[in-house]
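Trainee: Here is what each chain is made of, one letter per residue.
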Amino acid sequence: MKRYAYYPGCSAETVSASYHVSTLETGARLGIEFQEIEDWNCCGATPYTNIDELLAHGLCARNLAIAEKAGLDVVAPCNACFKNLHHANAELKADKDLAEHINFALEADGLHYGGAVNVHHLIHVFVKDVGLDAIKKQVKQPLKGLKVAAYYGCQLVRPDRGDGFDPEAPSYFEDLLKTIGADAVDFPYRLHCCGASLMIANRRAALAMVRDLLRAAVQAKADVIATACPLCQLNLECYQQDVNREFGTKYKIPVLYFTQLMGLAMGIEPRKLGIGTEVVSPQPVLDCVARRPAPAAAAAPAKPAAAPAAVPQTVKAGQP
Amino acid sequence: MKTTMSFADEISNVMYATGTRGLNSCIQCATCSATCPAADYMDHTPRRLIAMINAGLKDEVLASNTFWTCASCYSCSARCPKEIKPSELMYALKRYSIWHRRYRSRLVGPAFSRRFVRTIMRTGKSYEPGYAPAFIFEGGPVGMVREMRFAMRLMARRRIALVPSRVKRVANFRRMLSRIMPLEGVA
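First to last, the protein sequences are chains A and B.
Each residue of the first sequence is one higher than the one before, starting from 0 at the first, in numbering that gives the first Met the number 0.
Each residue of the second sequence is one higher than the one before, starting from 0 at the first, in numbering that gives the first Met the number 0.
This is chain B alone, in the form it adopts within the complex (with noise of 0.2 Å):
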């Protein structure tokens, strides 16, 4: 009897809840490479991903940029005929990826994220320009220079806030999250 779990399954569980079909009814059509709008800036397209989850590349899929790539626009789920819902497997693998540690140092997508998540933890409510330390180093002076004059753009238009804006009740909202899941560590 097997008593491992193959990469696919694991993957597949970390889809909980999503309501999806297992990985390995992909019949490799690529009507979701073909329909992602950001499929020339993956390593792999999404069709491609899936045939190495079932081949159980992990360490290749683990280290590639696609689904940091993903915008969530969920023209894949809509459209695969094998209801696989890719764009679920997607955020399924940035979870598998960030809870293992395995994605790629060099990514924005990570790094923002958890700074996104510290920052609700921590008032309730986003603030951008609390994020910034995520990405702002990443174009070098130049990038820098770039989203300091973005953000010039829309402080001069009153669309930046100068102050974080929190819920009221911060500390009944700080222990509901902490009953759902202690957070330290992963974000």
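For reference, chain A alone in the conformation it holds in the complex (with noise of 0.2 Å):
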């Protein structure tokens, strides 16, 4: 079994509780033991960059310091922690200076970091660790005719960070849809901005930019919009009725972890994955799991949707 130092994030305990419960979920399917780093703290997000440098690296080290003690690599599920975290961990890293630094005031909570931790964001763990053939052998029910918009978002990817994940033409987010089965559709918007925090600062900017995306959603024909990370997730889903307030838009797409589909598609009970939270309803994609054939019946040929159509939708569809 490989272990993780599991870095949840601050909107995990609220906004994106989804996005948690399925990533240990679904990472207990393939083996994965998603150790959470023992009272970890925020990551800084964007605001403490604003304000200083050190500061944001200071709290990112801190959970580095605590993840190097148990002797593990950092996972998290968010685009940006992972940003945060990844780039504070390079900088510490490279920089002396800096790194004495910061390890006297991490003294003040007992610790201490030696760069010995690696950074990774979850769905480059399932993709790359885990691998596509592993996950693919834990699908039960395929997504089969379910078309999804993969969306990268903008931390995932950037900046380039070396690590043989293309930043302007990545692919492994499709290639994660397709082994559950599911029809990854043409997303030209896949690593555009949502907006992030923008949606605070400047309303406006962040709608007109949540909009775009949904309407290339929409023009792709996907069912769902799939993310890896609970900022998207909030900004796309949770604000699609302002989007349609502000622009007359009439957009009705649910946005899904990319974690909560993986699960559907291992025959986890909705329910466990977090679905039931939304905004939007993500009916079509349960209606999709459902008309799919139970895996005993899978074996015998095709008997195009008789008797699935009769079964109770949303949370049980997942119950015998």
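Hints should not be assumed to be uniformly reliable.
[What the hints assert, rightly or not] Examples of chain B residues lying across from chain A (beta carbon under 7 Å, computed):
#, residue
1, Tyr40
2, Thr68
3, Ser71
4, Cys72
5, Phe115
6, Ile159
7, Pro163
8, Lys167
9, Asn171
10, Met175
These aren't lab readings, by the way, just hints derived from the structure by calculation.
Yeah, the Cβ is synthetic: ideal placement off N, Cα and C, and Gly gets one too.
Assembly of the complex is requested from the two constituent chains, each provided in isolation within its own frame, with the hints serving as guidance.
Mentor: Right under this line is the structure:
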């Protein structure tokens, strides 16, 4: 069993609890243990860098030091947490003076960071460390016919970290979706920005950015947008009504975490994946899963859409 | 011999630890502006802002909303042919304007950043409802109703915590941050 120091991030306790639980569920199926970093703190998001860069590094360093004590590499499910932790880690490894200064501060909490930790994004762990073949073996109900827009967002791919993941033309998200049987649509806005915290600082600009993304997903005929970041999910899903009001549009497209889609394909009960807390109903996705024949029946040649039409919907879909 | 630093030098210095080339290597190709998803909402595009910095137009630069309209998507940094990393420049200008108290008072960004940092200093973890005062009054009564409705939407789905969460060793945590930089007056 592979183990990682898991950094949930502040939103995992509230707005993206569904990402958190679906990460743990799918991880367990794939033989990964996500050991939560003991007493972790906020990564600083963007505001810390707006005030002071040293402070921002200090916040990240505390989490890295605790992970180092446990002897584990760090995995973060959020694009922004990943960017911050990865950036601070690289700076601390490269700059001895900086590390010395930060370590003087860490002593106040009985900690020291020696630079032995690597930082990964959750989706990178799944596609690289676990591998698509291993994921494929766990797929019980391929999401056949489900059209998904793979939305990477910004800080997952940028800035270029020289880690082999292409910042301009990545394909691993689409590959992952294909592995679970879904249809990855051609989504030209997949690397565009969701507006992030601009939703607070400059609402109209952020809403326009979300509108462009939603429009591109709808034009690509996607049933659902898959994300790998709590802030992307919040902006794309929870602000859809605001976009509609602002621009007179009528978007109503579900936005799920890639772990939730993986979990559904693995036959995990929707409720265990946090499904049921959305603002925009993910019913089209659940219908697609419900339409799939049960694993045992899958062996028998196709008997198209007979009984499954009456399958009780939503959260009960995974039950016997 | 020159004894005072130019504005461009000052800003380059505030971009410490970013591994960037100096702003004076900018060739004004406007790749940053073209790739910026928020450029339409900026007083000056990133390219023009760099030109203004290099021309020493300090007051005009600090009075602009450009850097507070950056969403940190890093598109410009990924594509700048001179490796200037304009997104780091935007961070540097935010810091400079906060340190010097030179930001436009009507902007939400600075108030939000300072409130966010104060919250983390206190508890070690983010708590969204605590930031509301930074922006909730921005849109007038209509905006306030809108924000409340948004909060209720999330609350109904148990996606907003009613009580802020905090790190366990919070006293140690605060001492740690004060060893890096005493924040009184800055945040």
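Trainee: Was the hint right that Met175(B) lines chain A, CB cutoff 7 Å?
Mentor: With Cβ-Cβ at 4 Å, under 7 Å, it holds.
Trainee: Given Lys167(B) was flagged as interface, is its beta-carbon under 7 Å from a beta-carbon of chain A?
Mentor: With Cβ-Cβ at 5 Å, under 7 Å, it holds.
Trainee: Against chain A, is Asn171(B) within 7 Å by beta-carbon distance?
Mentor: OK, holds: Asn171(B) within 7 Å of chain A, min 4 Å.
Trainee: Does the closest beta carbon of chain A sit nearer than 7 Å to the beta carbon of Cys72(B)?
Mentor: Holds - the Cβ of Cys72(B) comes within 7 Å of chain A, reaching about 4 Å at its closest.
Trainee: Holds or violated: is there a CB of chain A closer than 7 Å to the CB of Thr68(B)?
Mentor: 5 Å, holds
Trainee: For the restraint on Pro163(B), tell me whether the closest CB of chain A is nearer than 7 Å.
Mentor: 10 Å, violated
Trainee: Does Tyr40(B) meet its interface restraint, that is, does its C-beta lie within less than 7 Å of any C-beta in chain A?
Mentor: 4 Å, holds
Trainee: Go through the hint on Ser71(B) and say holds or violated, using the shortest Cβ distance to chain A against 7 Å.
Mentor: Where the cut-off is 7 Å and the nearest Cβ of chain A is about 5 Å from Ser71(B), the hint holds.
Trainee: When the nearest CB of chain A is found for Ile159(B), is that gap smaller than 7 Å?
Mentor: 6 Å, holds
Trainee: Can you verify the interface hint for Phe115(B): is its Cβ closer than 7 Å to any Cβ in chain A?
Mentor: Holds: closest Cβ of chain A sits about 4 Å from Phe115(B), inside 7 Å.
Hint 7 from the list above is the single one not met by this structure.
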